[in-house]
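Chains as they are written, first to last, in our numbering: chain A, 1 to 204; chain B, 1001 to 1123.
Each hint should be verified, as a subset may be incorrect.
[Stated by the list, open to error] One side only, chain B facing chain A, incomplete, derived with CB under 10 Å:
1. Pro1039
2. Lys1043
3. Asn1044
4. Tyr1047
5. Leu1051
[To be verified] The calculated lysine-lysine pairs, modelled on BS3-like cross-linking and capped at a C-alpha distance of 30 Å, are:
6. A/Lys155 x B/Lys1043
7. B/Lys1032 x B/Lys1043
8. A/Lys116 x A/Lys194
9. A/Lys84 x A/Lys123
10. B/Lys1043 x A/Lys154
11. B/Lys1032 x A/Lys154
12. B/Lys1043 x A/Lys123
13. B/Lys1043 x A/Lys194
14. B/Lys1054 x A/Lys83
15. A/Lys155 x B/Lys1032
16. A/Lys83 x B/Lys1038
17. B/Lys1038 x A/Lys84
18. A/Lys194 x A/Lys154
19. A/Lys194 x A/Lys84
20. A/Lys155 x A/Lys13
21. A/Lys123 x A/Lys83
22. B/Lys1038 x B/Lys1054
23. B/Lys1043 x B/Lys1054
24. A/Lys154 x A/Lys13
25. B/Lys1038 x A/Lys123
26. A/Lys194 x B/Lys1038
27. B/Lys1038 x A/Lys154
28. B/Lys1043 x A/Lys83
29. A/Lys155 x A/Lys8
30. A/Lys84 x B/Lys1043
31. B/Lys1038 x A/Lys155
32. A/Lys84 x A/Lys116
33. A/Lys84 x B/Lys1054
34. A/Lys194 x A/Lys155
35. A/Lys154 x A/Lys123
36. A/Lys83 x A/Lys194
37. A/Lys155 x A/Lys123
38. A/Lys123 x A/Lys194
39. A/Lys154 x A/Lys8
40. A/Lys83 x A/Lys116
If you are wondering where the hints come from, they were derived from the structure by calculation, not from laboratory data.
Idealized CB from N, CA, C, for every residue including glycine.
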Amino acid sequence: MAVDDGLKIELGKQGVFVTTIEELYNWGRKNSIWPMQFGLACCAIEMIATTMARYDMARFGAEVFRPSPRQADLMIISGTVTKKMAPQVVRLYNQMAEPKYVIAMGACAISGGPFKQGYNVLKGIDRYIPVDVHIPGCPPRPEALLHAFMTLQKKIDEQPLTGEGRPRHLDAEAQSEFPVPVQGEHDLEPASNKGVWTVPVVIR
Amino acid sequence: MASNPYFSLAVLFVVALCFGLTPLALAWLWAKVYSPAKPNAVKNAIYECGLESKGDAWVQFRSAYYLYAIIFLIFDVEAVFLLPFAVAFTGLGLAACVSMLVFVLMLIEGLAWAWAKGVLTWA
Chain A
1 MAVDDGLKIE LGKQGVFVTT IEELYNWGRK NSIWPMQFGL ACCAIEMIAT TMARYDMARF
61 GAEVFRPSPR QADLMIISGT VTKKMAPQVV RLYNQMAEPK YVIAMGACAI SGGPFKQGYN
121 VLKGIDRYIP VDVHIPGCPP RPEALLHAFM TLQKKIDEQP LTGEGRPRHL DAEAQSEFPV
181 PVQGEHDLEP ASNKGVWTVP VVIR
Chain B
1001 MASNPYFSLA VLFVVALCFG LTPLALAWLW AKVYSPAKPN AVKNAIYECG LESKGDAWVQ
1061 FRSAYYLYAI IFLIFDVEAV FLLPFAVAFT GLGLAACVSM LVFVLMLIEG LAWAWAKGVL
1121 TWA
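Sequences and hints are given; from them, build the entire structure.
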């Protein structure tokens, strides 16, 4: 960072605009996040409402819901992920182009929510794919989704292009393929992706 | 060369080409430099709603569907020609009305043929 923030503000007052490639790059990225068009459960209704005129997600450059993972940057896990659906979700996440981000919307996507005890419900999508922003709520209001989206924008804005914490697509070492679970005899196999999720130790 | 009357056109053509190709080239370069590809087997697979695709995409349709095409044509073309006919009806002479009648009768014949063939009976 050649120019610190104070100097930048001072220069701005004098009519000189200073920026860096990193800032421009992230500014473009964060304002053109295209979510993937798929809804899993009732949270999807709130997600749809968020894109409509009243809440108007288009204000943040995210109105272009893409019906193909090839063109999407953001996956909004909007609702309960059943064990039947989880392989498809992970597969779609794998098929998205880099850089990709995930918002886990609602209690079910985070942990299974009210259906956590259900035999067929995945206890949180972060067992298989890395989640960037979690939104609690059942379902979260559209404002909450907008807040999560702005949080994601802030996260993207703060990502350096080199070194630690750079976006995944610039990191040759970053994991690109996440194993798609298969239906086992009793549960999905594997039950979680060890690379992104550590099995919590239950203390009784 | 510059005296050729088509010289300005050629210049405009080149400019138009550059106008279209430059952004594409820049986008390609930008992606090449800043966005190294991360391909893998799942990503390169055929996209089908998150499911693994099965079977062949080269599906054949039955040629018997030609009947629907013909019947569609009968009603569609009829409607297209009848509308201007109906609009201009009061100002038309006898010859026009007769030729229109022949046209409609020909289409009705097609419908009668389809009817006789049993196409209209939904099995």
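Results for each hint:
1. Look at proline 1039 of chain B: its Cβ gets to within about 8 Å of chain A, closer than 10 Å, so that hint holds up.
2. Annotation: interface hint on lysine 1043 of chain B holds; nearest CB of chain A at approximately 5 Å, less than 10 Å.
3. A least Cβ separation of about 9 Å between asparagine 1044 of chain B and chain A falls short of the 10 Å threshold, and the interface hint therefore holds.
4. The interface hint given for tyrosine 1047 of chain B is met, as the beta carbon of that residue sits about 6 Å from the closest beta carbon of chain A, less than 10 Å.
5. For the restraint placing leucine 1051 of chain B at the interface with chain A, the shortest Cβ-Cβ distance is roughly 6 Å, inside the 10 Å limit, so the hint holds.
6. Between the alpha carbons of lysine 155 of chain A and lysine 1043 of chain B the distance comes to roughly 25 Å, so the proposed pair stays at or under 30 Å and holds.
7. Distance restraint check for lysine 1032 of chain B and lysine 1043 of chain B: the Cα-Cα separation of roughly 18 Å lies within the 30 Å cut-off, and the hinted pair is therefore satisfied.
8. Only pairs whose Cα atoms come within 30 Å are accepted, and lysine 116 of chain A paired with lysine 194 of chain A is accepted, the gap being roughly 20 Å.
9. The suggested pairing of lysine 84 of chain A with lysine 123 of chain A holds, with an alpha-carbon distance near 13 Å, which does not exceed 30 Å.
10. The hinted pair formed by lysine 1043 of chain B and lysine 154 of chain A meets the criterion: a straight-line CA distance of about 28 Å does not exceed 30 Å.
11. Between lysine 1032 of chain B and lysine 154 of chain A, the direct Cα distance comes to roughly 26 Å. Compliance with the 30 Å bound is thereby established for this hinted pair.
12. Between lysine 1043 of chain B and lysine 123 of chain A the alpha-carbon distance is near 25 Å, which keeps this suggested pair within the 30 Å criterion.
13. With a CA separation close to 21 Å, the supplied pair lysine 1043 of chain B and lysine 194 of chain A stays within the 30 Å bound.
14. Among the hinted pairs, lysine 1054 of chain B with lysine 83 of chain A is consistent with the structure: their alpha-carbon atoms are about 21 Å apart, no more than 30 Å.
15. With a C-alpha separation of about 24 Å, the suggested pair lysine 155 of chain A and lysine 1032 of chain B falls inside the 30 Å cut-off, and the hint holds.
16. Using a Cα cut-off of 30 Å, the hinted pair lysine 83 of chain A and lysine 1038 of chain B holds, with the two alpha carbons roughly 27 Å apart.
17. A distance of roughly 27 Å separates the Cα atoms of lysine 1038 of chain B and lysine 84 of chain A; the hinted pair therefore holds under the 30 Å criterion.
18. Between lysine 194 of chain A and lysine 154 of chain A, the direct Cα distance comes to roughly 28 Å. Compliance with the 30 Å bound is thereby established for this hinted pair.
19. Our distance criterion of 30 Å between C-alpha atoms is met by lysine 194 of chain A and lysine 84 of chain A, whose separation comes to about 20 Å.
20. With a CA separation close to 27 Å, the supplied pair lysine 155 of chain A and lysine 13 of chain A stays within the 30 Å bound.
21. Using a Cα cut-off of 30 Å, the hinted pair lysine 123 of chain A and lysine 83 of chain A holds, with the two alpha carbons roughly 9 Å apart.
22. Between the alpha carbons of lysine 1038 of chain B and lysine 1054 of chain B the distance comes to roughly 25 Å, so the proposed pair stays at or under 30 Å and holds.
23. Taken as a hint, the lysine 1043 of chain B and lysine 1054 of chain B pair is honoured in the structure, with Cα atoms around 16 Å apart against an allowance of 30 Å.
24. In summary, the hint linking lysine 154 of chain A to lysine 13 of chain A is supported, as the alpha carbons are separated by about 25 Å, within the 30 Å threshold.
25. Restraint check: the Cα-Cα separation between lysine 1038 of chain B and lysine 123 of chain A comes to about 29 Å, which is no more than 30 Å; the hinted pair holds.
26. As the CA atoms of lysine 194 of chain A and lysine 1038 of chain B are separated by approximately 21 Å, the hinted pair is consistent with the 30 Å bound.
27. The suggested pairing of lysine 1038 of chain B with lysine 154 of chain A holds, with an alpha-carbon distance near 24 Å, which does not exceed 30 Å.
28. With a C-alpha separation of about 21 Å, the suggested pairing of lysine 1043 of chain B with lysine 83 of chain A holds against the 30 Å cut-off.
29. A hinted pair counts as satisfied when its Cα atoms are at most 30 Å apart, and lysine 155 of chain A with lysine 8 of chain A qualifies at roughly 21 Å.
30. Between lysine 84 of chain A and lysine 1043 of chain B the CA atoms are separated by roughly 20 Å; this keeps the pair inside 30 Å, and the hint holds.
31. Under the criterion of a C-alpha separation no larger than 30 Å, the hint pairing lysine 1038 of chain B with lysine 155 of chain A is consistent with the structure, at around 22 Å.
32. Taking the CA atoms of lysine 84 of chain A and lysine 116 of chain A, the gap is about 15 Å. The hint holds against a cut of 30 Å.
33. A distance of roughly 18 Å separates the Cα atoms of lysine 84 of chain A and lysine 1054 of chain B; the hinted pair therefore holds under the 30 Å criterion.
34. The hinted pair formed by lysine 194 of chain A and lysine 155 of chain A meets the criterion: a straight-line CA distance of about 24 Å does not exceed 30 Å.
35. Of the pairs offered as hints, the one joining lysine 154 of chain A and lysine 123 of chain A holds, with about 27 Å between alpha carbons and a cut-off of 30 Å not exceeded.
36. A threshold of 30 Å between alpha carbons decides the hint, and for lysine 83 of chain A with lysine 194 of chain A the separation of about 18 Å falls inside it, so the pair holds.
37. Using a Cα cut-off of 30 Å, the hinted pair lysine 155 of chain A and lysine 123 of chain A holds, with the two alpha carbons roughly 25 Å apart.
38. Under the criterion of a C-alpha separation no larger than 30 Å, the hint pairing lysine 123 of chain A with lysine 194 of chain A is consistent with the structure, at around 15 Å.
39. For the hint linking lysine 154 of chain A to lysine 8 of chain A, the alpha-carbon distance of about 19 Å falls within 30 Å, and the restraint holds.
40. Proximity of lysine 83 of chain A to lysine 116 of chain A is assessed by CA-CA distance (about 12 Å); at most 30 Å being required, the pair is judged to hold.
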